[in-house]
Amino acid sequence: MGIEFILGSLVKIGALLGYLYGLLWAMGHSKKWVKIVGVIVAFGIVQLALTKFGDFQLLNNFDQGLLFQACTMTMVALGLNLIYGFNGQFSLGQWGFYGIGAYCAADITFRWTNGDARGLFVVGLGTIFAGLAIWGIGKFLKRLRGIPVLSAFTFYIIGVVVAGALAILIGNLINPLLSPLLGTISEPGVLNSKVAIQVVFFFAVVFAGVFAAEVSFLFGLPVLTLGSDYFGIATLGFTIVVNTLMVNSDTILPFPEMKGGRGMIGIPKLTTWFWAFFFMVLVIIILRNLIRSSTGRAIMSVREDETAAKAMGIDVANNKLLSFVIGSFFAGVGGAVYAHYIGFLSPGTFDFLVGFNPLIIVVFGGLGSMTGTIAASFGWIFFLEGLLRVLLSQMGTEAPTWRYVLYPITLLMLMLIRPQGLLGTVEWGFLKAEKYGFGKKNGPKPTTDAPVVNS
Amino acid sequence: MEKNNNTSAILQIEKLTKYFGGLCAVKSFDLTLNKGDLAGLIGPNGAGKTTVFNLITGLYVPTEGQVRLNNENIVGLEPFEITQMGIARTFQNIRLFPNLTVLDNVRIAYHAHIGYSFADSIFRTARYNKEEKALVDRAREFLGIFQLEGIQDELAKNLPYGEQRRVEIARALACNPHVLLLDEPAAGMNPREIINLMDLIHFIHDRFDLTILLIEHQMRVVMGICQHISVMDFGEVIARGTPKEIQDNPRVVEAYLGKGAANVS
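Protein chains in written order, with our numbering: chain A, 33 to 487; chain B, 5 to 269.
Since the hints were derived computationally from the structure, they do not count as laboratory data. Mixed in with the good hints there might be a few duds.
[As the list claims (entries may be wrong)] Computed list of lysine-lysine pairs in BS3-like fashion (alpha-carbon distance at most 27 angstroms, straight line):
1) B:K137 with A:K64
2) A:K63 with B:K134
3) A:K464 with B:K161
Please put together the full structure from these sequences, using the hints given.
So, in structure tokens, the structure goes:
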């Protein structure tokens, strides 16, 4: 039994890596139709594997759970890789933003299915207004030169608070018009149909991501002025604050539906393979397009040498903030997708100790390697949760605890053998940097009129 | 030095002073560079030369004094703003972006002048494709000028020392500066490399229509290419003039070789 299971699991992991390679290859193909067909085929293969044909199902419910977990972990870890791997800012706050995204989206859809439209409208309008406020204040502050960071921060806080208050006001005004159309759980209304709830889910995920991004903007603005290690400690503090707020969400925060430490139940399970795949691919595309652009190069130059980056005309503070905000956006989206797959949120899931997982994945897959992060996210979930948990449970009821011994040992071994991470800086297909060889056709003619310095 | 009435002051430094706590690193430093000058700044170790560079480029904020670029005061601006206004520099200990390719190192310097927005790059619009292609062509042409096109995909950290120096100068020039500050470009080079470096500095000076200020320890470089020289010691300018005048100045000899040395030579 044991050996077959191990072999089967290894085949599964191998097939997964092959699958990821194929997906990235198709996405990076130069022909447009190959891209579209490739992505649809990649989606379809897994969709078929998840479908039940009579008694046969290639990936059972357990595998499906792992798959969704891997997708959300990919988004969170890619966000952290942008912050830590590409921008060089050691952050432990990713898990906090993940939690914010999860609770935010869960609250929206939970309220919607229970006949309360305020969740969507307050959060939606709030994020839009706050975004506009931040944008406007940013423009305004740019004109006044030399504003200290804390003064700028005060401006932003005031702007965001006003935007939030406005959103709550308008949300409460709209609510009586809409809520009757929603119906209740037992009697869903017009706006609570199967299609409508999918649309609401999409907006919930996007708004949750933007909400996390805006929180990270306000948090990052003053904190990113700290040096790298101090920044890490500050972000750890952030995760703990978020976790404490979750535990007390029904007492010190006005959200009784989140039920504090008892955990939020009754979140509609809306995450299908389509949504998980869609958001994961979206995150991959956004990150790749960002990294392979001038902004991405500026972000990487900050990691390489801040002083030299400044001397090259790069706004270091701005680029740090940008990568932090986008990384947190990914975490928020990942959290939202996770919440609607698991259907139950407990503050224990967002404890800061668990929050080291994305960090481990990023280092495991290779700092500054997007492919490595994606592969490590999938591999990690299937290794730790899939292989070890099932394998060890056959040896006794208490045996699964051993996976937290075996897994760190694996990590140690890997760090000793391959300190640059599983894949180093290798990128696959779509994620590869463009090569610009000196072709005869398109390259400019090399001019040789400069003296050679070295002999 | 021939004074041309058409040349106007491009960089004016007045009474630049910097204290680190109680230590005076630079005291009342004055310097005027006219368009097209190739000036040198020399002095013994710890004289404050690099501090002057850091003050000009905004890495340090001066305690007192003014730096004017094209008659605009640039004291108090962020370093990246000063670079965007047209002052580029190299570093004494080479500061390339070690884990990026040579092409990327040069392309980063263009970032401030990039022709597409953040949204363009996320959605890969036509403008992104056009500008990025133009950028690559420009960067490669640039590398071609410095004969670095063959190593454009190498990581900067894997290059030999001389090539790293050249990449750093190429990167500084890619910022499209009016004034170029070179901090000890000949450090660690052998005599033959130094002669080549002097040719290179002359070449970029003419080709890019630059004003160059140079810190250097190697007298042969400074005396060979600079039109006029300022000598610093203990944060103060002790002499100015043409290479010939500096060589004969007893105070300079004293600063370098100690009291009494002037009489011996």
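Against the structure, the hints come out as follows:
1. About 19 angstroms separates the Cα atoms of K137 of chain B and K64 of chain A, which keeps this hinted pair within 27 angstroms; it holds.
2. At roughly 19 angstroms between alpha-carbon atoms, K63 of chain A and K134 of chain B fall within 27 angstroms of each other, so this suggested pair holds.
3. For the proposed pair K464 of chain A and K161 of chain B, the alpha carbon gap of about 20 angstroms is at most 27 angstroms, so the pair holds.
Hint compliance for this structure: no hint is broken.
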